[in-house]
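Taken in order, these protein sequences are the chains called P and B.
Oh and the first sequence: position 58 is 70 in our numbering, straight run, nothing missing.
Oh and the second sequence: position 200 is 966 in our numbering, straight run, nothing missing.
Treat the hints as calculated values from the structure; they're not laboratory data.
Check the hints yourself; a few may be wrong.
Label pairs and their in silico Cβ distance ranges [stated by the list, open to error]:
id	chain 1	residue 1	chain 2	residue 2	range
1	B	Asn-916	P	Pro-210	46 to 56 Å
2	P	Glu-104	B	Ala-827	19 to 29 Å
3	B	Glu-1000	P	Phe-107	20 to 30 Å
On a predicted model such as this, the values are computed, not experimentally measured, just so you know.
Each residue gets a CB set at the ideal place from its N, CA and C atoms; glycine is no exception.
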Amino acid sequence: MRAPTFLGLLLGLLLGTTPVWGNPTVNPSVRLRSVQANFTQEKHLKILARPLVSQGIFAFQTPQSLRWEYLRPLHSILLLHEGQMRKLIEREGGFEQDNGAGIDAMRVVLQDIGSWLDGRFTDNPLFQVTRAGERTVVLTPKEQGLQAVISRIELQLGPEEGVMEQVTIFEGPESFTQLRFTNTVLNREIPAETFTQP
Amino acid sequence: MKRLLLLGLTLCLLSACAMGKGELLPKLVRGPGASAALLRCTAVFPQGRWQFVHAIAFRLADGTSGNALGVLVLNGREIKSALMTVEGLTLFEARSSEAGELEVLRALPPFDNREFAGGLMRDVRTLFQPPPGLGQYGTLADGNPVCRYNAGQELTDILPREDGCWQLHTYSEQTSLRTDGCQPADPRREQRRTRTVNARSCGQVGSVILPHTLELTGSGPAGYTLNLRLVSAEPLPASP
Chain P
13 MRAPTFLGLL LGLLLGTTPV WGNPTVNPSV RLRSVQANFT QEKHLKILAR PLVSQGIFAF
73 QTPQSLRWEY LRPLHSILLL HEGQMRKLIE REGGFEQDNG AGIDAMRVVL QDIGSWLDGR
133 FTDNPLFQVT RAGERTVVLT PKEQGLQAVI SRIELQLGPE EGVMEQVTIF EGPESFTQLR
193 FTNTVLNREI PAETFTQP
Chain B
767 MKRLLLLGLT LCLLSACAMG KGELLPKLVR GPGASAALLR CTAVFPQGRW QFVHAIAFRL
827 ADGTSGNALG VLVLNGREIK SALMTVEGLT LFEARSSEAG ELEVLRALPP FDNREFAGGL
887 MRDVRTLFQP PPGLGQYGTL ADGNPVCRYN AGQELTDILP REDGCWQLHT YSEQTSLRTD
947 GCQPADPRRE QRRTRTVNAR SCGQVGSVIL PHTLELTGSG PAGYTLNLRL VSAEPLPASP
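Chain B with its partners taken away, still in its complex shape (with noise of 0.2 Å):
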């Protein structure tokens, strides 16, 4: 139960608690073709329905790590997520309406309380589906291709490459402290990054492109690595 403690301490910081110096939002320089390169970075994502399962494993930065599956159902916007042990026990169990509205149907602790809820399914919404808010497409100053996604409160920027694998990078408005941890007298509000995420191995499965291997990464000095290997993927026939 004591390892179990652990896993749910772990991914409450994933989500909720990384907050540190990450780096600074890059400039962008707008480019041509807007639409079809939004489209391109979007397609990135997994359309219709599908069932995934990946196993995951986390780090932490002090070096702890375990394992858990990720058993996930997509129907657009539409998330239903749960979490168990390797042989089969459900720790946690959750949908997310396309509103956004969430539902747990099953939370063992440490595992049962919200910050958690909302913490997980807004990983999954990073690493599953395109981000909110209005999109831009531009280069970065090493001139490569990203579309960046501002949704107020936080900015997402895709960076696609050419094999079909992608990064993903967040970024959130952050305080600038000084170097002995207080706030200067006129603080600067200025945009770091929050968290990475890396597809790699990315392959066919039916008609679409999916990476096999996803990790998430959260900047600062709670910091965290979530690696997620693809089990399976099943896309699942359209909604009656």
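So here's chain P without its partners, still in its complex pose (with noise of 0.2 Å):
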């Protein structure tokens, strides 16, 4: 089994914001090319006296371009172009290079992204996936070993056609991170170096 990462399943949830497992009712001949949107991320942790807050952006593009930057508190950017992806953090007024685990999420992501884009979300045999109310969509993974990691995704639809609202994803009972997306544009053309420079 492929194990999916967090931000592959952040991004995964977020680029599957396209039609068939959104919203039945539009047109599945709508294909998403790209998206862009701030996010506000809050991590909910049993431990902590308040929640960590960041902030940030992401885009996104057919076939396989990716930003996506904490601008607060702390400002690191991945960066995925033409099969080429790398992470920076900065620190001392510069970026350096992070070979962390973020970089292994991203390979997750690249291998279904193409499923999602072209809405094949419920292709993926990880998570069962039902309706919690008109604009609630539920993921429980299927396999005790992702269970460990992540109990159940919500995702928030938005009114208005291919624009998700919230991500909450559960770890644990009193632990959750929540994604809170605005100013969602769809289908900008977006320049190549977005996806290759800090």
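Join the two chains into one complex using the hints; note that each chain is given alone, in its own frame.
Take a look at the structure:
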């Protein structure tokens, strides 16, 4: 079994803002070419007195270009373009390359990204997909190994076609990560340097 | 996952395995005013309740390196700690009571062993809490003031500086080896340095001075460096 990692799942969900799994009433012929959005990430843990709040931006463009950037509190950027990926962390006024786990996460994303963009999110055999409301989708890992990492994922779809409002990834009863997306822009051409330059 | 394994192994090394030929314990010449000086030494550690987030960069002697986020909630001697990827996946979460009882709340492989948990908490205590043991105050041969704490198996020297920053060394008893790695016929037991902490770029946060950077270096052939850069420091209200 491929083990999807956190950012992999997260991006997979986000890029799954295509019609089929999100909203059955939309036109499946509309294909996603690009997405840009701001995000606020709140990390809740049992031990934390206050949640950790991060803010950032992301941009994706078909076939496989991605920029996932945390602006604060820790400035880090993951870039993917034409098969090249790198992760950078700002340190002492410059960026230094990180060879950490995020790179592995992105390999998983790359493997699945084509399916997601074709609206075949439910092709992923790792999750049971259920509807918990008109605009709420719940993904539950099928395998025990993945359940130890993530217990479930809740997606809140926006009223506008193809837009994700919120993703909540539950790691355990009192531990979850919530991402809220704003200013989503679909299908606008994004210059290549967005995916190559910090 | 391979890199997570590497990170796990590295962090295990940090606390458990980094024994080697560190520097010998320097001689301390006792000085006057020990009580006040010892208070100044323990004052370099945050008092009360705090929530810290650090960007952690680690580097092994062989050049291997990586990054993680460290979260710490301090409440007196009680410690709650978590280690996360930069993207927020919780790799490890645990708390240690005032009495030092450890409870692991979450630990993904390869962090799911007691040695790692115990070692991580030991490093956290070294970095953020006054050392245990009886304290002495004096100066080293170079004239620098030092507070020395003797907890039996481990000695800790704190060298405070005028700017509020400080340096810390831990020493533990080790047996001398011959240069070929074998024990001599009459092995000598001596106190050798195991870890060094350098607190740098200290500045006022609320009513206290905190280091913006903490660098922990483990001595010996399995040496390592942990660089903690302060991302946020939030004072928390006192416990109800």
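Hints, verified against the model:
Checking the proposed 46 to 56 Å range against B:Asn-916 and P:Pro-210 shows it holds: the Cβ atoms sit about 49 Å from each other. A C-beta distance of roughly 22 Å is found between P:Glu-104 and B:Ala-827, which places it inside the suggested range of 19 to 29 Å. Checked against the given bound of 20 to 30 Å, the beta carbons of B:Glu-1000 and P:Phe-107, roughly 27 Å apart, stay inside it.
In this structure, every one of the numbered hints holds.
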